[in-house]
Every structure is written in C-alpha cells, then in structure tokens.
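Position one of the sequence shown corresponds to residue 3 (the working numbering), numbered consecutively onward.
Because the hints were derived from the structure by calculation, they are not lab data. It is possible that some hints are incorrect.
[Claimed, not checked] Dumping the calculated DSS-like pairs for lysine-lysine here, alpha-carbon to alpha-carbon at most 25 Å:
id, residue 1, residue 2
1, K92, K132
2, K229, K268
3, K150, K132
Since we're looking at a predicted model, the values are computed, not measured.
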Amino acid sequence: MKICIISNSHPTNDVRLYYKLAISLAKQHEVWLITTNGVVNATANPYQMVVNSESPWRALRQLHAAVKQLKPDLLICVEPLTLFIARHLKKKLHCRVIFDVHEFFADAYAERFPLLLRYPAYISYLSVLKRLQSIADGVWSVNSEVVKQLLGKDRAKRSLVLPNYPVKNVWDYACDVPGSLAQICEMNFDLIYTGGLTADRGAFKILKLASLLKHEYPMLKILVLGKFFSPEAENEFNRGTNDYNLNAVIYYQEWIPAEKIGLLLKRCRFGLWLFNPRNRRLKLSTPLKVLEYLSAGLPVITTKSPLMKALIEHNGLGVLCAYQARQMAAATIKMLRMSESEYAQMSQKCLKMSAERFNWEALEPQIFASLDRIMAK
Numbered sequence: 003m004k005i006c007i008i009s010n011s012h013p014t015n016d017v018r019l020y021y022k023l024a025i026s027l028a029k030q031h032e033v034w035l036i037t038t039n040g041v042v043n044a045t046a047n048p049y050q051m052v053v054n055s056e057s058p059w060r061a062l063r064q065l066h067a068a069v070k071q072l073k074p075d076l077l078i079c080v081e082p083l084t085l086f087i088a089r090h091l092k093k094k095l096h097c098r099v100i101f102d103v104h105e106f107f108a109d110a111y112a113e114r115f116p117l118l119l120r121y122p123a124y125i126s127y128l129s130v131l132k133r134l135q136s137i138a139d140g141v142w143s144v145n146s147e148v149v150k151q152l153l154g155k156d157r158a159k160r161s162l163v164l165p166n167y168p169v170k171n172v173w174d175y176a177c178d179v180p181g182s183l184a185q186i187c188e189m190n191f192d193l194i195y196t197g198g199l200t201a202d203r204g205a206f207k208i209l210k211l212a213s214l215l216k217h218e219y220p221m222l223k224i225l226v227l228g229k230f231f232s233p234e235a236e237n238e239f240n241r242g243t244n245d246y247n248l249n250a251v252i253y254y255q256e257w258i259p260a261e262k263i264g265l266l267l268k269r270c271r272f273g274l275w276l277f278n279p280r281n282r283r284l285k286l287s288t289p290l291k292v293l294e295y296l297s298a299g300l301p302v303i304t305t306k307s308p309l310m311k312a313l314i315e316h317n318g319l320g321v322l323c324a325y326q327a328r329q330m331a332a333a334t335i336k337m338l339r340m341s342e343s344e345y346a347q348m349s350q351k352c353l354k355m356s357a358e359r360f361n362w363e364a365l366e367p368q369i370f371a372s373l374d375r376i377m378a379k
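Could you put together the complete structure from these sequences and hints?
So this is what it looks like as structure tokens:
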C-alpha cells in the first residue's frame with residue numbers, strides 16, 4: 003500500500019511525522035512524506051519530498067499536484083488546510099484519508115485575538131474545522147481532549163489517540179557534535195528547558211526562578227533551548243537576563259535539529275515545564291519535551307495540573323509546584339538537595355517508565371490495527 007503524509011508547515015524531518023509515523027508505517031508500506039521544507043530523500047523508504055512554496059496557502063497547489071501524481075491508497079493530512087487537498091482528491095484517487103491532529107487548533111487560533119473576541123473566534127474556527135475533518139475516514143490525535151473537542155460523541159468510532167511518546171531508546175546512539183554545539187556540550191547544567199519560548203510557556207518564570215536560586219546556588223547553570231515566538235518576547239527575555247544579572251546562570255541555545263537534542267539533555271539533571279495553567283491547551287496537553295526529559299532520565303519540575311499530577315507526581319518522576327516563582331524555587335531546591343543515590347533512583351525510574359510505557363513503539367500495534375479498519379471500509 004502507498005501512503006502519503008502531507009504538511010504545509012512541518013519539515014520532512016519533523017519528529018512526529020518522520021521519526022514516528024513515517025518510519026513506523028514504512029515497516030509495512032511504501033510511505034511518502036511531502037512538506038514545504040527539510041531533507042529530501044528519494045532512495046529509501048520512507049521517502050521525503052519537498053515542494054517549493056512562499057506560504058502555507060500557496061503550498062496547497064503543489065502538495066495537491068504531488069499527491070495526485072503519486073496516487074496513494076491512503077492520505078494523511080496534518081494541518082486543517084491540507085484537508086482541502088483531501089476533499090478534492092479523495093473521490094478522484096479513491097483513497098482513504100486520516101487527519102493526524104497535533105494540537106488544539108481552535109484554541110491556538112483564538113489566542114491571537116483580544117480577550118473579548120477569543121470565544122467567538124474559537125467557536126467560528128472550530129465549526130469550520132469540524133466540517134473539514136468530516137472528509138477523513140479516521141482521526142489520529144495526540145490526546146483524548148483534542149479528539150473530544152473535534153469529534154464529540156462520534157470519537158469512539160473514528161479516533162485513535164497517539165500520544166507524542168519518544169521513540170524507544172531515542173538518545174542511546176552515537177551522534178556527531180556540530181561545531182556550533184561543541185562548547186556547550188562540554189558543560190554540565192542543573193536545569194534545562196526545551197521548546198517554544200513564550201510567557202505562557204514559562205520563559206519569564208525561568209528568569210525569576212534563576213534570580214531566586216542564584217544566591218543559594220552561585221554555580222547554578224540553566225540551559226534554555228528553543229525558539230522565541232516573537233522578537234518582543236526575545237527582547238524582554240534578554241532584558242530580564244541583564245536586569246537580574248543572570249548572564250552567568252542562563253545559557254541560551256537556539257533551536258537545533260531534533261536528533262541532536264539528546265546531546266544536550268545528557269548534560270543536564272532536571273527538566274523544566276513551567277506552563278501557565280490558565281492556558282487550556284497547555285494544561286491539557288502532554289508536551290513532547292516532558293516525555294523527552296523522561297527518556298533521557300531527567301526528573302521533571304513542572305506546574306501543577308491534573309495531567310502532570312497523574313504523570314509526574316503519581317509515578318514519582320519529579321515534583322509539582324504552583325505557577326508562582328517562589329513556589330517554583332522551593333520545588334527546585336527540593337530537587338537540587340537530593341542526594342546522589344536519591345537522584346540516581348529517580349532518574350532510573352524515569353528511564354524505566356519511558357522504556358516500558360512512554361515510547362512510540364508501544365503504540366505501533368494500535369496504529370496498524372486502526373489502519374486495517376480504515377482501509378477495510
């Protein structure tokens with residue numbers, strides 16, 4: 003069977019699309035991953051194809067042409083806009099369609115608007131998205147809340163939850179150190195944050211946390227690895243680093259290829275996920291960063307939420323704290339004061355939990371079973 007995975011924003015070496023979905027599906031089928039940027043591979047399955055485009059909207063025509071030429075038996079759409087391609091080609095190609103939903107699209111869209119307009123924007127976007135996704139024969143999603151929002155009562159028949167679990171033993175391989183990382187890969191860090199850098203993702207809480215800890219821990223080192231979502235946020239972060247006199251504490255590294263993150267995780271002791279619990283989509287999502295921390299043996303310091311309580315606190319994989327700088331500092335000090343034997347025990351528990359439960363390979367039987375049901379329709 004031939005499968006096409008299409009995206010108008012993700013690169014062809016995206017972690018979920020290539021290292022998880024494409025590689026898993028390629029174990030039984032011919033897989034083509036087609037996006038607007040990234041690595042090109044026309045020699046080995048899963049194949050990677052890049053179309054030239056100046057915008058996500060203009061990419062649709064070229065993605066459409068590529069899918070039409072390949073004539074897949076199954077089309078996997080990643081973003082809502084790519085569902086327009088599925089709507090146009092499904093009958094022509096007689097193919098099945100899966101919508102792989104990575105996030106709360108309606109919530110993310112509504113956050114762009116002033117507070118009073120957010121709910122109308124949310125309802126409008128969600129209603130359009132519900133109509134668009136009806137073209138799909140199945141919906142795969144990163145968590146049950148996304149499915150519930152999108153499908154409602156119909157979710158049991160058409161959905162499959164595929165959390166963004168890391169690939170098993172994802173960091174247990176030799177990896178060349180790029181020249182740009184050579185210096186930082188020789189250092190050790192107490193704390194690390196990976197991911198997008200915004201206020202709601204705790205970028206500025208990290209600065210306040212560092213300012214509270216630096217007097218008791220003058221040798222403290224925090225690695226911040228990620229990308230700022232806006233120049234204003236980056237400027238504010240840099241000002242805060244200077245104002246709090248944290249230039250010897252905070253080490254910032256721009257985003258690097260996914261396969262290189264393990265190089266830096268191995269240099270750290272604890273992972274940070276200090277999200278704003280008022281942000282619904284952050285509170286209800288299990289971020290890949292947390293699962294990657296666990297797969298590297300890093301206990302997690304995170305904001306309190308029912309999800310984090312069930313994952314981190316219940317399993318003894320770290321500590322929870324309120325979304326307040328002083329509470330975060332108290333929780334972090336508790337972790338930093340652990341003895342070497344206590345830390346080793348918790349780190350091993352993180353590794354064991356990741357290897358036994360939170361890994362992508364454990365989901366593969368469900369993937370192929372769902373695929374069989376969809377193709378049998």
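Cross-check of the supplied hints:
Distance hint between K92 and K132 is fulfilled; the C-alpha atoms sit about 18 Å from each other, no more than 25 Å. As the CA atoms of K229 and K268 are separated by approximately 20 Å, the hinted pair is consistent with the 25 Å bound. With a C-alpha separation of about 11 Å, the suggested pair K150 and K132 falls inside the 25 Å cut-off, and the hint holds.
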